[in-house]
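Build out the structure end to end from the sequences listed, making use of the hints.
The chain contents come next:
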Amino acid sequence: MSHFLDVQDMAVRYGSVNALRGISFHVERGEIVTLIGSNGAGKTSSLMAISNLIQGTRTGRVMFEEEDNTHFSPSKIVKRGISHVPEGRHIFPKLTVEENLLMGTFGAVKYDKAKTAGLLEEIYGMFPRLRERRNQLGGTLSGGEQQMLAIGRGLMFSPKVLMLDEPSLGLAPLVVKEIFELILDIRDRGTTVLLIEQNAGLALQIADRGYVLENGNITLTDTGENLLHNDQVIKAYLGI
Amino acid sequence: MILEQLMNGLGQGAIYALMSIGYALIFGVVGLVTFVHGDVIMLGAFTAYYSFVLLGGNLLLAILLGFAVSGAMGFFIHRICYNRFFNSPRQISLICTIGMGMFLRNLVQVVAGTESKPIPNLFGSGSVTLAGLRITYMQLFIFAVVMALVLVLTIFLNKTRVGMSLKSVSMDKTASALVGIDTKRTTTVGNMIGCGLAGVAGVLLAMYYGTITPMMGGNIGMKAFCCAVLGGASSVGGAAVGGLLIGVCENLGIMVFSAGMRDTVSFLLLILILLVKPEGLFTRRSR
Ligand SMILES: Nc1ncnc2c1ncn2[C@@H]1O[C@H](COP(=O)(O)OP(=O)(O)OP(=O)(O)O)[C@@H](O)[C@H]1O
Ligand SMILES: [Mg+2]
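Residue numbers (the working numbering), protein chains in the order written: chain W, 1 to 240; chain A, 1 to 287.
As a list, the in silico DMTMM-like pairs of lysine to aspartate or glutamate whose alpha-carbon atoms are at most 20 Å apart:
| id | chain 1 | residue 1 | chain 2 | residue 2 |
| --- | --- | --- | --- | --- |
| 1 | W | K79 | A | D182 |
| 2 | W | K76 | A | D182 |
| 3 | W | K177 | W | E145 |
| 4 | W | K110 | W | E121 |
| 5 | W | K110 | W | E122 |
| 6 | W | K235 | W | D222 |
| 7 | W | K94 | W | E145 |
| 8 | W | K110 | A | D182 |
| 9 | A | K159 | W | E99 |
| 10 | A | K159 | W | D112 |
| 11 | A | K159 | W | E98 |
In short, the hints are calculated from the structure, not lab data.
Have a look at this one:
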């Protein structure tokens with residue numbers, strides 16, 4: 001049986017740096033899957049490889065819904081329904097919150113006004129704080145608000161898969177909790193989630209399955225629950 | 001006298017504004033300075049010359065052709081200097097634009113000869129007097145063309161899908177790609193429009209100066225660079241203001257010094273502003 005999103009034997013090099021050494025992982029429809037690993041393990045590279053945005057060389061295959069996406073352009077990949085909320089958020093600083101969200105619809109086939117307004121309402125429903133700040137410039141938002149905006153923008157075209165690169169980075173614990181609850185909510189609304197985190201404890205709590213990435217290799221994979229109680233994971237990532 | 005010089009400055013500044021708007025557009029989408037811009041302007045000037053010689057004194061036609069020829073050149077510049085070196089170190093593209101500039105200069109020398117060419121003055125010496133201020137027909141025409149283009153460009157950038165893609169690519173390439181914008185196509189379009197505007201600026205410069213040479217691009221390109229830098233490098237509105245500012249300062253400056261000091265004035269201004277306020281000028285990260 002083929003997988004919903006299937007990354008096969010993916011290797012990434014930046015000059016002499018081997019960021020990924022031929023990893024394979026997959027995500028099934030409706031799952032939350034997490035990749036955990038320490039700094040420089042290759043987590044960001046994995047997502048960039050799926051989005052075909054690697055600034056280096058890449059080998060391997062990306063299958064999505066039984067179609068070979070490997071050599072699609074980044075914009076085509078978005079149009080196929082894969083949304084990528086990048087590390088560092090990448091908000092458009094000089095556009096307002098609402099304009100940022102509207103840019104999110106660029107990936108879709110042209111939506112009409114009513115459909116766009118409906119999507120906007122849906123996102124504002126999930127993130128009331130964005131509605132309050134709809135006319136504020138993206139660059140002036142707080143870190144947590146920017147993260148919400150980035151996720152909101154990523155959801156604007158009703159993607160099939162949402163890939164999140166360290167959504168908790170630099171946020172206060174309370175905000176992190178809020179964002180993780182949102183991720184569960186997003187999954188319950190029918191969007192598959194591929195989550196990258198250094199905060200392994202939290203990620204494994206909400207994930208159906210997880211992969212542990214070390215130096216460009218996958219060293220361990222299991223259900224989130226089992227990984228949470230795995231001695232190796234506890235020692236290396238949960239800091240107990 | 002000083003008012004008249006001010007008017008001259010605004011007229012010339014309007015042309016500078018046009019060429020630096022083009023420069024800013026290109027800098028925005030490419031994220032890198034270009035050294036071929038002056039020669040693209042020169043190409044527009046020679047297009048005007050051949051349009052006048054071969055097709056008669058039709059101003060609008062010359063402007064359209066200037067836009068088309070230089071815009072098409074923008075396509076090739078993008079193909080040759082940027083697209084090929086997408087994953088290479090950035091200085092390679094930069095050096096490639098220098099080479100491209102040399103190529104264009106020499107190509108025009110081969111085709112048109114090295115001597116300077118006269119451009120007929122289609123406006124005569126006619127002028128209107130508004131509240132005691134003399135404005136030549138030439139200046140009126142320049143204002144009209146530049147203002148119309150700025151208006152169209154503003155609407156294009158803010159109201160159309162392609163224009164908004166251009167703006168977002170110049171803000172953040174990665175984010176643009178991740179919302180589904182075809183960044184390669186958008187960068188191509190940005191180069192073509194930027195070069196097309198440079199072409200029109202070349203047509204207007206040719207008419208304004210009355211003579212053109214294949215070597216005119218060097219100095220003019222540096223000026224476009226100055227104006228764009230003054231205005232914040234990738235900000236279209238800022239570039240327009242920078243262009244007007246330099247045009248006015250040059251023309252007021254030559255009242256104090258001499259006509260030969262024109263370029264000295266503008267480059268001095270650039271150095272001064274970079275010394276006083278460098279941080280606000282290059283605020284955009286490249287890439
Ligand atoms: N554009 C690049 N050029 C050169 N090397 C890179 C580039 N991007 C990443 N690397 C290197 O590749 C390796 C993996 O980087 P990657 O960003 O995928 O790690 P990560 O797991 O996301 O780390 P972090 O948790 O710090 O974000 C690192 O050694 C990094 O230095
Ligand atoms: Mg990372």
